[in-house]
Amino acid sequence: MSPNVAARAGELHQEQNAKRHVMVSRMFAALLVVQYLACVGAAFAVSPYAWAGKDRVLHMHVWVAILAGAGITLLPVLMALYRPSAPLTRHVIAASQMLSSALLIHLTGGRIETHFHVFGSLAFLAFYLDWKVIFTATVVVAADHFARGVFWPESVYGVTDPEWWRFLEHAGWVAFEDVFLIWSCLYGQRELRGAALRQAEVEELTEQEQLKTAALEMALSEIRTATA
Amino acid sequence: MRRRVLTAVLVAAAALWLGTVAAAYEAIRRFETTPGLPASAPRVWPAASAVARPADAWSLVMLVHPHCSCSRASVKELAEIVEKAPRDVQTTVLVYRPREMKPGWERTGVYAAATRIPRVRVLLDHDGAAARAFGGFTSGQTFLYDHQGRLRFAGGVTSLRGHAGLNRGRADVIRIARQRGGEGTHPVFGCAITTTNPRGEKP
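Respectively, the protein sequence lines represent chains A and B.
Counting from 1, one number per residue, gives the positions in the first sequence under my numbering.
Counting from 1001, one number per residue, gives the positions in the second sequence under my numbering.
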């Protein structure tokens, strides 16, 4: 492989990645806004009011959904719009997506079904084909579990004194999915690099063909001039 | 210039993001872990409650505010208890209902969930009179009385506000009912039904 082809392949690979990052970041911007609206809707549907006898006030969940949801959503959406291909944007989006999952789980009273949002989000983040993004998301999930496990363990494990290995049980399922997603990211990048290399080779061959054709045309033109 | 403004906006959004996460965690932790007022339950079945105690049988009573979303978890846990406790435990759910509210006010998801539990009678507690007789203040408050009408358990059966799942309150009720002995208590999480005790005093 000539150095020119290698350099061009690297350039094409970067271009393809940048295009993909922009597209996925914008998809996440839309998703985060939809999730925000869904969180507020869920809060109003599941627990609109807190009651004291016959008196009612707006439930704390509604305030959390409106304010915390907006706070979590604003930064990644702005970054997705104004810095869509920056590496930091991907990591902020990954962290925010996991925090949205945590918020949604809380607003639905810890429903086990809502936990599927975490696994779906991890799969969606794999669209970036960047294994470091999966890692960031996993760290946020682990940090959330760790913090809640320390400060109010009942919210994660249902009991105040869980066995020490309960954390590993929860993290294990995320790690299980991570293995396949990280593998698919690495495999996807290898495919992209291969495609970029093939395109660079084709471009070089085309360029060589064009040079040959030009040289041939010049030679023909000289012959025609000589015979005329 | 535009670049500077954008950077400033992003930095401000990042600060807001971090602040929001920290504040939301603290608000949620406080909300979830702060129990309601515990009952000042009478040591024997309150005759003044107007709720008949089944003779020679253990009795389980839960007070419920029908509009308290957190009480969905309590009712879910009650269903779990009814399934695992001995079948002869008589279970009653007392659903709070203020008299001035329009008919059907109490027919909520919480009410419907309670009626779906087998072997459970659901009674309306007008103006919280029965709740006051039992000394209960908070939706989800559960009492277990033995066959002689002595109090064995008073407390909640969820681990946090609105969180169903394994917890010590539920486990204690099942254990006491199965072993026909012992006593227990557990924090109760839910909306307030009443804020005065049977003597009209505030705790």
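Hints may contain errors.
[Stated by the list, open to error] Think about it this way: if two alpha-carbon atoms lie no more than 25 angstroms apart in a straight line, the pair counts; the simulated PhoX-like pairs of lysine-lysine are:
| hint | chain 1 | residue 1 | chain 2 | residue 2 |
| --- | --- | --- | --- | --- |
| 1 | B | K1102 | A | K54 |
| 2 | A | K54 | B | K1076 |
| 3 | A | K19 | A | K132 |
[To be verified] One-sided and incomplete, this derived list gives chain A residues near chain B with beta-carbon spacing under 8 angstroms:
| hint | residue |
| --- | --- |
| 4 | A38 |
| 5 | Y49 |
| 6 | W51 |
| 7 | A52 |
| 8 | M60 |
| 9 | P84 |
| 10 | S85 |
| 11 | L99 |
| 12 | W152 |
| 13 | E154 |
[Unchecked claim] These stretches of chain A come out as covered by chain B in the derived footprint (C-beta under 8 angstroms, 3 or more residues):
| hint | stretch |
| --- | --- |
| 14 | 11-21 |
| 15 | 65-74 |
Think of the hints as simulated: they come from the structure by calculation, not from any bench.
Beta carbons are placed, not taken as given, at the ideal position from N, Cα and C, and that holds for glycine.
Using 8 angstroms as the Cβ threshold, decide whether M60(A) counts as touching chain B. Nearest chain B Cβ about 5 angstroms off; hint holds.
Return the status of the interface hint for A52(A): holds when the least beta-carbon distance to chain B is below 8 angstroms, violated otherwise. For A52(A), the interface hint holds, since the closest Cβ of chain B sits about 4 angstroms away, which is under 8 angstroms.
Per the CB criterion, is W152(A) less than 8 angstroms away from chain B? Since chain B brings a Cβ to about 5 angstroms from W152(A), closer than 8 angstroms, the hint holds.
Hold the hint about P84(A) up to the distance rule: shortest CB distance to chain B must be less than 8 angstroms. At about 13 angstroms, which exceeds the 8 angstroms cut-off, the nearest Cβ of chain B leaves the hint on P84(A) violated.
Verdict on chain B covering the stretch 65-74 of chain A, where coverage means 3 or more residues with a C-beta closer than 8 angstroms: holds (count 6)
Holds or violated: is the Cβ of L99(A) closer than 8 angstroms to a Cβ in chain B? L99(A) check passes; min Cβ-Cβ to chain B is 6 angstroms, inside 8 angstroms.
For the stretch 11-21 of chain A, count the residues whose Cβ lies under 8 angstroms from any Cβ of chain B; is that count three or more? That given contact is violated, which follows from only 0 residues of the stretch 11-21 of chain A lying within Cβ reach (below 8 angstroms) of chain B.
Given W51(A) as an interface hint, is its Cβ closer than 8 angstroms to any Cβ of chain B? holds, 4 angstroms
Status of the S85(A) interface restraint (C-beta, 8 angstroms, chain B): Violated: closest Cβ of chain B sits about 15 angstroms from S85(A), beyond 8 angstroms.
For a C-alpha distance cap of 25 angstroms, please report whether K54(A) and K1076(B) respect it. Distance ~23 angstroms between K54(A) and K1076(B) Cα, so the pair holds.
Please verify whether K1102(B) and K54(A) have alpha carbons no more than 25 angstroms apart. Measuring from Cα to Cα gives roughly 12 angstroms; hence the hint holds.
So, E154(A) near chain B? Judge it on the closest CB pair being under 8 angstroms. holds, 4 angstroms
The structure fails hints 4, 9, 10, 14 (numbered hints given earlier, in ascending order).
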